[in-house]
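Peer 1: Listed here are the chains, written in short residue letters.
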Amino acid sequence: MSAPAVPLAPAADAPRASLTKKVLVADHPTWCPGCGDFAVLASFYKILEKLNYPQEKIVTLAGIGCSSRFPYFVNTHGGHYIHGRSLPFAAGISLGRDDLHVFVFGGDGDGFSIGGNHLVHTARKNPRMTYVIMDNSVYGLTKKQTSPTSPIGFKSKTDPWGALDQPINPMRTLINSGATFVARSHATQVAHMVDMMYRASQHDGFSVVEILSECVEFYEGAFDSSIPRKGGSWQTIELRKNDGSPEDAARHDPADELAAFKLALEPWPGRFGIFYENKTRPTKNALERKLIANTREKTKNASDLELLSKTFARMR
Amino acid sequence: MVSPNIPPGAGASARATSSLAPIADVVIRFAGNSQDGIQAVGGFLARLAGRSDQEVMTYMTIPSTISGGPSIFQVRIGSGEILSAGDRADLLVAFYQHSYESHRASLRPGGVLLYDSAHVTPNPDDKEITAVAVPMTAATIEAVGGSSKEKGKNIYVLGLLARMFDLDVTKLTQLIKERFGGKNEDIVRNALLAFDAGYAYPAEHLSHCLFRLEKPVPVAGGRPQVTTDGNTALTLGLLAAGVRHGAGYPITPWSSIMETLRTELPKYGGLFVQCEDEIAAASTALGFSYCGHLAVTGSSGPGLSLKMEALGWATMAEMPLIVVNVQRGGPSTGMPTNIEQSDLLQAIYGSHGDTPRVVLAPKNVEDCFYIALEAARIAREFSTPVIILTDQALATRIEAFDEPDLPKLMVDLKPDLAPRGATYKPYPLDEVRRHAPPGSVMGSGKYPTVSGLEHDELGHPSANPAMHMKMTAKRREKIKSVAATLPAPELFGDQSGDVLLIGWGCTYGPIREALGRLRGAGATVGHLQLRHIHPLDHGLEEIFARYQHILVVEINDEGLYGFGQLATLLRARYCIPSIGSITKTDGLTYKVSEIVERVAKKISLADPAAGMRKQSVLAMPVRN
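Protein sequence lines correspond, in order, to chains A and B.
Per my numbering, the first sequence starts with residue 1, numbered consecutively.
Per my numbering, the second sequence starts with residue 1, numbered consecutively.
Certain hints may be false.
Derived lysine-lysine pairs resembling BS3-like cross-links, with alpha carbons at most 27 Å apart [claimed, not checked]:
#1 B:K446 / A:K21
#2 A:K50 / B:K446
#3 B:K446 / A:K310
#4 B:K127 / A:K22
#5 B:K408 / B:K425
Over 10 Å on every C-beta distance to chain B, these chain A residues come out as not near it, computed from the model [stated by the list, open to error]:
#6 H80
#7 R85
#8 L95
Simulated from the structure, these hints should not be mistaken for laboratory data.
For glycine and all other residues, C-beta sits at the position ideal for the given N, C-alpha and C.
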């Protein structure tokens with residue numbers, strides 16, 4: 001009776017056809033032509049092809065916003081949840097079913113504004129999942145209001161004179177919150193984006209990739225300063241190779257939290273790549289699983305009926 | 001362990017209590033400060049009653065301050081059916097002057113005041129009661145020895161009561177050993193020393209207040225009695241119902257449910273998550289439900305408000321979920337440790353949009369267990385959120401009831417990951433369909449997205465007006481169809497006549513008792529307790545038609561239009577002008593006399609007191 005209510009490691013999968021883009025494509029995206037999110041979607045298909053998980057074990061989730069329409073465009077089990085709360089929703093799925101692969105998509109308003117508290121606490125709890133934030137620095141679905149990442153001076157319908165408030169620094173916020181994998185990419189750099197999303201998917205814990213994804217309708221040119229063909233500079237983070245060479249000391253060690261903070265504080269447009277990765281902190285999945293195992297051992301694997309009967313007997 | 005216990009029965013024979021006329025029930029109120037352990041004494045008495053097949057009900061107030069402050073615990077024990085914690089006490093135990101002053105009025109004429117002579121000076125001119133001085137503090141210190149910290153005087157008083165009421169000493173000392181047994185041996189020994197000292201208090205000081213409680217008639221083949229509070233009963237009900245996942249955020253008085261779930265669920269292979277806020281708690285619980293587990297979240301008034309958007313999603317996405325709302329005094333932070341039933345309309349209508357969902361209300365502590373099973377059944381069968389509206393009174397009071405037949409009741413739930421056929425639609429218009437949790441292979445090759453957007457039968461977003469009308473109707477009809485699966489409502493008392501009293505939640509006991517008194521005074525009265533608030537039970541019109549007056553008794557405000565929340569709903573639903581309302585907002589449960597007097601006034605009953613005399617629960621003889 002009392003087999004763990006949560007299935008543990010998935011059984012070996014039967015042989016099956018490999019996952020292709022053809023299988024993964026669902027509804028046609030509702031995004032405007034030229035939107036950066038198309039490239040993010042294409043990159044997601046690519047990593048799913050590479051990961052080749054059983055299709056039914058993949059879960060694609062989102063909150064509310066333009067980018068959060070994502071689940072309808074991917075042919076996996078999906079959930080289109082409420083604004084800003086997709087992370088705690090996803091946490092329930094991740095913690096409830098260790099056999100699933102959970103991906104969450106959303107925008108900067110969803111993640112840093114209405115969902116800001118959840119971002120901090122999900123990072124703190126470290127459930128196993130990958131979160132992709134498509135940051136366009138504007139509210140697009142509601143048609144051009146200031147977003148939490150809009151730079152000071154950005155003219156929007158809510159700040160026609162230019163935004164007044166200090167924007168969020170996503171990398172700094174995420175590192176500070178305790179996210180165990182923090183990376184940054186750009187929707188115009190598909191190979192880099194695929195690499196970051198793939199590495200995020202391989203991280204055992206809460207992995208976050210922020211992707212600058214331009215809204216051509218309401219904030220055109222927002223990220224030109226990091227697009228070389230538009231005169232910007234594209235600077236990636238070179239990771240330490242631990243090869244003992246003298247130049248290696250200058251490379252970034254993603255386990256070094258302080259160095260990650262320094263990178264996060266570099267002036268706009270900053271650099272792209274893996275800022276931080278903590279491979280030692282256990283996931284909430286693992287901690288809860290251990291708690292359950294220890295508790296079950298103490299009860300000598302009693303059945304549900306035995307357990308509850310004992311509780312009632314104590315109340316006689 | 002060496003216990004200096006008095007052999008059971010020794011005291012009793014010396015006092016020859018058998019010559020005393022037995023009393024049917026007794027109401028004892030303890031008044032002290034929150035750190036005095038008076039809840040523990042009340043708890044011992046309640047459990048003793050349970051173990052003796054006696055009926056018991058308790059009532060307590062806990063100050064909302066962090067530590068300290070006045071606190072009371074009232075326990076009523078009897079051999080008949082105990083429906084309320086009693087209007088007025090037969091015995092008041094006062095630890096301090098403020099306890100005496102605040103609660104003297106709760107003592108009935110002829111009642112007994114037992115007070116700590118070190119702290120209390122009763123009014124010498126008060127001849128209406130019998131005041132008995134006991135040096136509780138000094139005697140406890142003397143018995144336990146050592147510090148003057150007064151710890152243990154609660155157990156001393158328990159010993160005293162055991163003497164006064166000829167209680168079962170063997171069972172009580174066993175309870176003390178069980179309660180303190182896990183701690184170090186000194187604590188058990190000190191507790192027993194304090195108990196014995198109280199029990200050995202010279203009988204001559206108590207000669208005029210010795211009583212004998214009527215022994216209950218043992219029920220042949222009856223189930224053993226268990227004694228617990230409503231929050232615990234509800235939690236155990238969830239466990240029996242197969243709920244293994246949940247999420248919550250601390251708020252009084254819901255917190256004890258989440259604490260118990262957090263520590264119990266791992267034993268069952270399950271998991272409860274403490275979230276960063278109420279919204280996250282509802283969301284995490286919905287995540288559990290979506291991935292195939294039946295999950296629970298819960299809160300109290302303000303927290304339920306925060307969950308409303310997520311609950312709207314659950315209705316739209318047709319996701320099963322159990323939501324416990326332990327109501328308290330509102331609005332806002334309100335009176336967090338007081339009793340109110342003012343979340344009924346919030347529970348039904350609190351979300352944005354047309355959000356039909358199920359709302360249930362348990363009637364007593366025992367029912368908290370069974371309503372959890374019912375909520376789980378409905379949530380799964382109809383893929384819907386189900387709100388259980390309990391309240392501060394049910395949450396904290398202790399009652400004894402028959403141990404549930406667990407082998408018959410327990411449900412084993414597992415995620416349904418069976419492959420779905422090629423024609424599977426996640427949201428068919430013409431039937432209730434459980435969602436396909438991730439992990440289920442879709443025969444059609446099309447994987448569904450559960451959605452908060454209005455959608456078509458396949459789950460694709462749709463703003464088509466005709467589709468929205470159809471889907472809105474589908475969600476409505478689904479919840480309406482729940483009513484057909486509900487057991488018929490219980491109607492107590494006269495099946496037709498002058499008045500039908502309607503209650504929900506914790507008003508059950510006082511209304512039932514008021515029913516007896518009103519009928520004793522000559523009125524024909526029925527009592528209907530609604531456990532299903534949304535949808536309402538079938539067949540209520542027929543019942544309503546048989547009475548001249550219909551009065552809904554609830555603990556909330558009469559509102560702008562003069563009717564409490566359930567009364568408002570019933571008037572809107574049945575359009576019966578004779579539906580009236582009895583409400584109050586003093587943060588306390590109804591006294592039986594309050595209901596009797598207000599009903600009598602509404603129906604112009606000449607002499608309600610006639611019923612009181614006949615049906616008196618104040619069974620102790622008045623003494624001079």
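Peer 1: What hint numbers does the structure not satisfy?
Peer 2: 3, 4, 5, 6, 7, 8
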